[in-house]
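Asker: With chain A held as given, fit chain B onto it using these hints.
Read top to bottom, the protein sequences are chains A and B. Read in order, the letters of the first sequence correspond to residues 1 to 297 in the working numbering. Read in order, the letters of the second sequence correspond to residues 1 to 278 in the working numbering.
Keep in mind the hints are simulated off the structure, nothing from the lab. Check the hints yourself; a few may be wrong.
Which residues of chain A face chain B? A few of them, derived with a C-beta cut under 7 Å, are [said to hold, decoys possible]: (1) L10; (2) R102; (3) V120; (4) A123; (5) F140; (6) I178; (7) S215; (8) A218; (9) F219; (10) L222; (11) I253.
If you want the footprint, here are the derived chain B segments under chain A, 3+ residues with CB under 8 Å [said to hold, decoys possible]: (12) 30–42; (13) 76–86; (14) 90–104; (15) 125–134; (16) 163–171; (17) 213–222; (18) 256–265.
For glycine and all other residues, C-beta sits at the position ideal for the given N, C-alpha and C.
Below, each chain spelled out in residue letters.
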Amino acid sequence: MSRAAPASFLFRGTALPWLLLLPQLVITGLFFFWPAGQAVWQSLLREDAFGLRSEFVGMENFADVLSDPTWLGAFGRTLVFSSAVAFLALTAALFLAVQADRNIRGSNAFKTLLIWPYAVAPAVAAVLWLFMFHPQIGIFGRMLNAAGIAWDYKLNGDQAMLLVIVASAWKQVSYNFIFFLAGLQSIPKAVLEAAAIDGASPRYRFWTIIFPLLSPTAFFLLVVNLVYAFFDTFGVIHSLTQGGPGKATETLIYRVYTDGVVNLNLGSSAAQSVILMILVVGLTVVQFRYVERRVHY
Amino acid sequence: MRRDTTAYLWLGLGILVFAFPIYLTLIGSTHDASTIGRGDVPLLPGPLGAENYANAWNGTGGGRIQGSPAGLMLVNSALMALGIAAGKIAISLLSAFAVVFFRFPGRMIAFWLIFVTLMLPVEVRIIPTFQVMVDLSLTNSMAGLIVPLIASATATLLFRQFFLTIPREYVEAAKVDGAGPLRFFRDVVLPLSVTNIAALFVILFIYGWNQYLWPLLIINDRSLETIVVGLTKMIGTGDAQNEWNIIMATAVMAMLPPVAVVVLMQRWFIKGLTETEK
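The following block holds chain A by itself, in its conformation from the complex:
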């Protein structure tokens, strides 16, 4: 609330504004603060084997999680998975946006044809890729096998990882495309024309003028893509590989789900949730600080 308006420009009263805020505050309290508090509290408790009693164990759940090699494995896998998804989705989108930014005929139709995958649910995107890369029924899965490559993402962990990365990135490209295109179109054409007249090659113009001007957009998108890859891709993994084969595609969010829902290990699952919250808050803070800096120059 940086803009301080004189009192005559605002309404007075206490009951009415709080009444207007009430629905949102009640829902936020019930479904946000209460569960978040519960997660923190439960992460400090441990239940006995029968779920009858729980005792306070301090940071023990966190120590257990952070020293569990399978959790650390999931952590490393999440880093690899998320950076691969973000890298693929960002580079493909930037490339397509640069092409679509050219003054070519029909560029609006191209835009429409490139943005609609945003509307496809991650889980449905996974199903589409399953139809293509299923070893028995998928057209490309069969081609790979016919070419002598033993392709079966249900048996081979690396192939499973590759498939969930590509399916997740495929769905995210159009989102990035929209933002990159908006960023490109806000670059003053005069600057680019001046550089062209001075004899700068297209490639030189891209790396010295366009790319630096796009970097705030790119950074913002990087954070959004990482958050997407951390959480929204649960649907992709759940419908394609269920975290398998073995644990080859088990990411942190998938692990929270299996520990909390399938294995009913609430203390550990809560500790993992708290760690994830800290990760997201950290990412968000980095983003806000960066955005703030951008506003000032």
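Answerer: What follows is chain B alone, placed relative to chain A:
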């Protein structure tokens, strides 16, 4: 000229990469299960389109599939998506109005209480939120599907941002005319917000339609299943003997509504997307 040609080529390739999976799914949904199961993936439409879609719609796919009828799941998904979009917009309009146009004790506290929720997506706090639902006996209900997901700060921040651009003199003029805050909300703020509401609606409808982990957790009752979750349940472990033709028809129906919304409301979609995220 040459550079234009390469641009066309690359854009064409991009469109192909996006469209081919859909094309394959559309084609698959017009053939019989054994053709697809054998792996003879056809590239041209077959004769069974109407029959497959009718079977998927009614959930009468035959022996092996125990999927819920897609017609029912589509209704559930639509109710969930509309409920989430309408709910978020309604509560956000009210709270943003209170924060921007009133001066009252605790305003900053209220603002921050809402603002911090921006940081944590529902997936992060999914298990504790699920337990709250159990405590409130809201599992297996449409309300349980919708209400927890309308708690988010994005829409409130967008409306706040927009309300700050409404000239303050309007408030003074309203006061002079003897109009109270609610009258001002109805006659000035709401009409000015129509495009923002439309833009936000598109984004939130898609957000709601595409929910996965939340419905998966809190719905066991098949009559409340949403189509995105129902679709992946039909696939199971991906057995080649599945009735893939029915599954593909269901996949097409799961995609159609949100894609139609994006394509038909493209202008608002892009406005909503770029403004909610910045």
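Asker: Each of the hints needs a verdict: does it hold here or not?
Answerer: Hint check:
1. Look at A/L10: its Cβ gets to within about 5 Å of chain B, closer than 7 Å, so that hint holds up.
2. At a threshold of 7 Å, the smallest CB-CB gap from A/R102 to chain B is about 5 Å, leaving the interface hint in force.
3. Annotation: interface hint on A/V120 holds; nearest CB of chain B at approximately 6 Å, less than 7 Å.
4. For A/A123, the interface hint holds, the least distance from its beta-carbon to any beta-carbon of chain B being 5 Å, beneath 7 Å.
5. For the restraint placing A/F140 at the interface with chain B, the shortest Cβ-Cβ distance is roughly 9 Å, beyond the 7 Å limit, so the hint is violated.
6. Annotation: interface hint on A/I178 holds; nearest CB of chain B at approximately 6 Å, less than 7 Å.
7. Evaluation of the A/S215 hint against chain B yields a violated restraint, the C-beta minimum of about 15 Å exceeding 7 Å.
8. Checking A/A218 against chain B by beta carbon gives a least distance of about 14 Å; that is not within 7 Å, so the hint is violated.
9. Checking A/F219 against chain B by beta carbon gives a least distance of about 13 Å; that is not within 7 Å, so the hint is violated.
10. Annotation: interface hint on A/L222 violated; nearest CB of chain B at approximately 13 Å, more than 7 Å.
11. Interface restraint check: A/I253 against chain B, minimum CB-CB distance 6 Å, threshold 7 Å, status holds.
12. By the rule of at least three residues with a Cβ nearer than 8 Å to a Cβ of chain A, the coverage given for the region 30–42 of chain B holds, with 4 such residues.
13. Only residues whose C-beta sits within less than 8 Å of a C-beta in chain A count toward coverage, and the region 76–86 of chain B has 0 of them, not enough to reach three; the restraint is violated.
14. With 12 residues having a Cβ less than 8 Å from any Cβ of chain A, the region 90–104 of chain B passes the three-residue criterion, so the hint holds.
15. Given as covered by chain A, the region 125–134 of chain B passes the check, having 8 residues with a CB less than 8 Å from a CB of that chain where 3 are the minimum.
16. For the region 163–171 of chain B, the assignment as covered by chain A holds, since 4 residues bring a beta-carbon within under 8 Å of that chain's beta-carbons and 3 suffice.
17. Restraint check on the region 213–222 of chain B versus chain A: 3 residues with Cβ-Cβ distances below 8 Å, three needed, restraint holds.
18. Restraint check on the region 256–265 of chain B versus chain A: 5 residues with Cβ-Cβ distances below 8 Å, three needed, restraint holds.
The structure is inconsistent with the numbered hints 5, 7, 8, 9, 10 and 13, although it conforms to all the rest.
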